[in-house]
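J.: Go ahead and model the full structure; you've got the sequences and the hints to work with.
Listed in order, the protein sequences are those of chains A and B.
When we follow the working numbering, the leftmost residue of the first sequence carries the number 1, and every step to the right adds one.
When we follow the working numbering, the leftmost residue of the second sequence carries the number 1, and every step to the right adds one.
FYI, nobody ran anything at the bench for these hints, they're computed from the structure.
Yeah, the Cβ is synthetic: ideal placement off N, Cα and C, and Gly gets one too.
All clues stand as given, with none of them false.
With beta-carbon atoms standing in for the labels, derived distance ranges: (1) Leu-79(B) / Glu-15(A): 43 to 51 Å; (2) Thr-111(B) / Gln-69(A): 35 to 43 Å; (3) Glu-15(A) / Pro-8(B): 35 to 43 Å; (4) Glu-59(B) / Ala-18(A): 30 to 38 Å; (5) Gln-17(B) / Gly-62(A): 42 to 50 Å; (6) Pro-8(B) / Pro-40(A): 16 to 24 Å; (7) His-95(B) / Gln-14(A): 34 to 42 Å; (8) Pro-40(A) / Ser-69(B): 28 to 36 Å; (9) Leu-96(B) / Ser-80(A): 29 to 37 Å; (10) Glu-56(A) / Ser-80(B): 46 to 54 Å; (11) Gln-14(A) / Arg-109(B): 30 to 38 Å; (12) Gly-97(B) / Phe-12(A): 31 to 39 Å; (13) Lys-9(B) / Arg-112(A): 19 to 27 Å.
With a Cα cut of at most 27 Å, we get these calculated BS3-like pairs of lysine-lysine: (14) Lys-104(A) / Lys-9(B); (15) Lys-114(A) / Lys-9(B); (16) Lys-70(A) / Lys-104(A); (17) Lys-73(A) / Lys-114(A); (18) Lys-73(A) / Lys-104(A); (19) Lys-3(A) / Lys-104(A).
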Amino acid sequence: AQKITQTQPGMFVQEKEAVTLDCTYDTSDQSYGLFWYKQPSSGEMIFLIYQGSYDEQNATEGRYSLNFQKARKSANLVISASQLGDSAMYFCAMREGYTSGTYKYIFGTGTRLKVLA
Amino acid sequence: NAGVTQTPKFQVLKTGQSMTLQCAQDMNHEYMSWYRQDPGMGLRLIHYSVGAGITDQGEVPNGYNVSRSTTEDFPLRLLSAAPSQTSVYFCASRHLGTHNEQFFGPGTRLTVL
Numbered sequence: 001a002q003k004i005t006q007t008q009p010g011m012f013v014q015e016k017e018a019v020t021l022d023c024t025y026d027t028s029d030q031s032y033g034l035f036w037y038k039q040p041s042s043g044e045m046i047f048l049i050y051q052g053s054y055d056e057q058n059a060t061e062g063r064y065s066l067n068f069q070k071a072r073k074s075a076n077l078v079i080s081a082s083q084l085g086d087s088a089m090y091f092c093a094m095r096e097g098y099t100s101g102t103y104k105y106i107f108g109t110g111t112r113l114k115v116l117a
Numbered sequence: 001n002a003g004v005t006q007t008p009k010f011q012v013l014k015t016g017q018s019m020t021l022q023c024a025q026d027m028n029h030e031y032m033s034w035y036r037q038d039p040g041m042g043l044r045l046i047h048y049s050v051g052a053g054i055t056d057q058g059e060v061p062n063g064y065n066v067s068r069s070t071t072e073d074f075p076l077r078l079l080s081a082a083p084s085q086t087s088v089y090f091c092a093s094r095h096l097g098t099h100n101e102q103f104f105g106p107g108t109r110l111t112v113l
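T.: Structural data, given as structure tokens:
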């Protein structure tokens, strides 16, 4: 069963507008973490933002914020004031399952965002 | 600080050939891992290590071997390459802890003919 679901394979947004990328997750752990990564066309993976399951406030990092709704098991990424450089693939990931001395990270299938001028 | 480095960036192999993908980090991270990225599949964990001498299997370990003789290096070996191993491979590292993000290498694009 897929544990991280990103239902939007591709999205478009007009420059300077806000956009929300959806991520839902499934876990039975009480303690877990959620991450968002950006992968531009050059291929590298860039960490954007982190939200812990016990964090009461939604995480924010500059123009990025994470809309964390624990009861709905969703961790949507909000990008405000989109820029052309935001065009990339975005991955949601979850840290869970402490086994063999560490946590495992599970990634979603990604959402490709295109910012239009 | 070079971060996480991977070599080579691109590689073409014939079916049955062997090769080693190199990964090194200079951040003294305990945890290192290998992922493969395929279209529509996201990143899938192949093998990981929580320290020198300790390795374990991830979600898709078949066809791959790893070892961790030092903190810095975590090579991934393909003993007999198959076309199904055509993919982009990422190495990642982080400190052990509850919410440390992973740092990724630039990736290796492997094609098996």
